[in-house]
Every structure is written in C-alpha cells, then in structure tokens.
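Visitor: Residue numbers for the sequence shown follow our numbering, so the first one is 606 and each next one is one higher.
I should point out that these hints are in silico values taken from the structure, not numbers from a laboratory. The structure displayed is predicted, hence computed values, not measured ones. Treat the hints with care, since some could be wrong.
Straight-line C-alpha distance at most 27 Å; calculated BS3-like pairs for lysine-lysine [to be verified]: (1) K759 to K671; (2) K732 to K671; (3) K759 to K732; (4) K671 to K747; (5) K759 to K747; (6) K732 to K747.
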Amino acid sequence: MNDKQNRRPFLFWFVVATIFAAFLSGVWLYFNVWLPNRELANYSWSGLAPVNDDALSQRWREISHKVISYPFGNHHDAFLVLETQGNHESIPYLLRALSWQQMPDGNGTVVCTTEHCVDCLQKLTGKDFGCLHEDWVEWWQKEGVRLPVEELAKRAAAASPAEQK
Numbered sequence: 606m607n608d609k610q611n612r613r614p615f616l617f618w619f620v621v622a623t624i625f626a627a628f629l630s631g632v633w634l635y636f637n638v639w640l641p642n643r644e645l646a647n648y649s650w651s652g653l654a655p656v657n658d659d660a661l662s663q664r665w666r667e668i669s670h671k672v673i674s675y676p677f678g679n680h681h682d683a684f685l686v687l688e689t690q691g692n693h694e695s696i697p698y699l700l701r702a703l704s705w706q707q708m709p710d711g712n713g714t715v716v717c718t719t720e721h722c723v724d725c726l727q728k729l730t731g732k733d734f735g736c737l738h739e740d741w742v743e744w745w746q747k748e749g750v751r752l753p754v755e756e757l758a759k760r761a762a763a764a765s766p767a768e769q770k
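Sequences are here, hints too, so could you generate the full structure?
Guide: Take a look at the structure:
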C-alpha cells in the first residue's frame, strides 16, 4: 500500500469533521447570538414601561442577557430593555458588557450605548463610577457581590422615581 492510499481515509474524515464543526458552530451562533438579537428587534418599543407580567419581564431580561454576553450584537436595545426590566441578575452581564463599550473621548463625549450601560448599572446598584469599568468591577468584587438581593432591589427602587422626574 502506498502512502497516498493511507492518507485518503484520513483526509475524508478530516473534511467530514471540519464540515460537522462548521455546522455545529452555525447552530450555536444561531441559537445564542442571532436568535436573541432577532427577538430583541421584535421588542415593542412602545412598551418600554415596566411590564407587570413577571414571566414576560424574565423572558426579556434573559434575551437581553444573552445579547450582551458577547462583544457583538444589539447592545443598545438590550441596555434599553434592562433599564426597565433589569434586576440584580443583570449586574454581572452589564459589568462584562461595559468592558466592550467605548470609553469617553478627550472631551468627555460618550457613545449613547455606553451611557445606557452605565445608566443601568447606576440604577441597579445605586452607585456612580461613571464609565470606568475597573472601578465598577472593583466595587462589585469588594462589596456588591456580597450585598443581599433585597438591598440591591431597594437601591434599584430608590433610583427609579428620580429617573421619572
């Protein structure tokens, strides 16, 4: 048997494995990236007020968490949803997403997507560290992660009336 005949089965299975890996990657991207972004695009922007249905709020929160779990996607709309639907579970997602956002330029001008992320963090934590990701993470690791859920909920509730004025 020559060397060429020995390589044919290997090459065949290599091609099959590569195609299968590409297929699995596509399925993963569809369900974890494209589909949540598509569902977020269907969100009724006329209903930005907090939803009274807990199951619906949880659904939109989960979709938004999926969208901001990756550095690409419609972060802007996900942050807008989390401004009304976010809770203590949203904070770690927002902290990670803030690391991917653009920082203010020399004049202090900031992209609105970054501003929405910071607004969500301020609302949910009652703290204000601006756009500085490192300061937010330091506070979360030292203090925030140890706060009871009730305390975080109280801080979020205290921030809500000020936003409506």
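Visitor: Does each hint fit the structure? Answer for all of them.
Guide: Hint check results:
1. For the proposed pair K759 and K671, the alpha carbon gap of about 25 Å is at most 27 Å, so the pair holds.
2. Proximity of K732 to K671 is assessed by CA-CA distance (about 24 Å); at most 27 Å being required, the pair is judged to hold.
3. Restraint check for K759 and K732: satisfied, since their Cα atoms lie roughly 13 Å apart, inside the 27 Å limit.
4. Straight-line distance between C-alpha atoms of K671 and K747 comes to about 26 Å, which keeps the hinted pair within the 27 Å bound.
5. Restraint check for K759 and K747: satisfied, since their Cα atoms lie roughly 19 Å apart, inside the 27 Å limit.
6. Proximity of K732 to K747 is assessed by CA-CA distance (about 14 Å); at most 27 Å being required, the pair is judged to hold.
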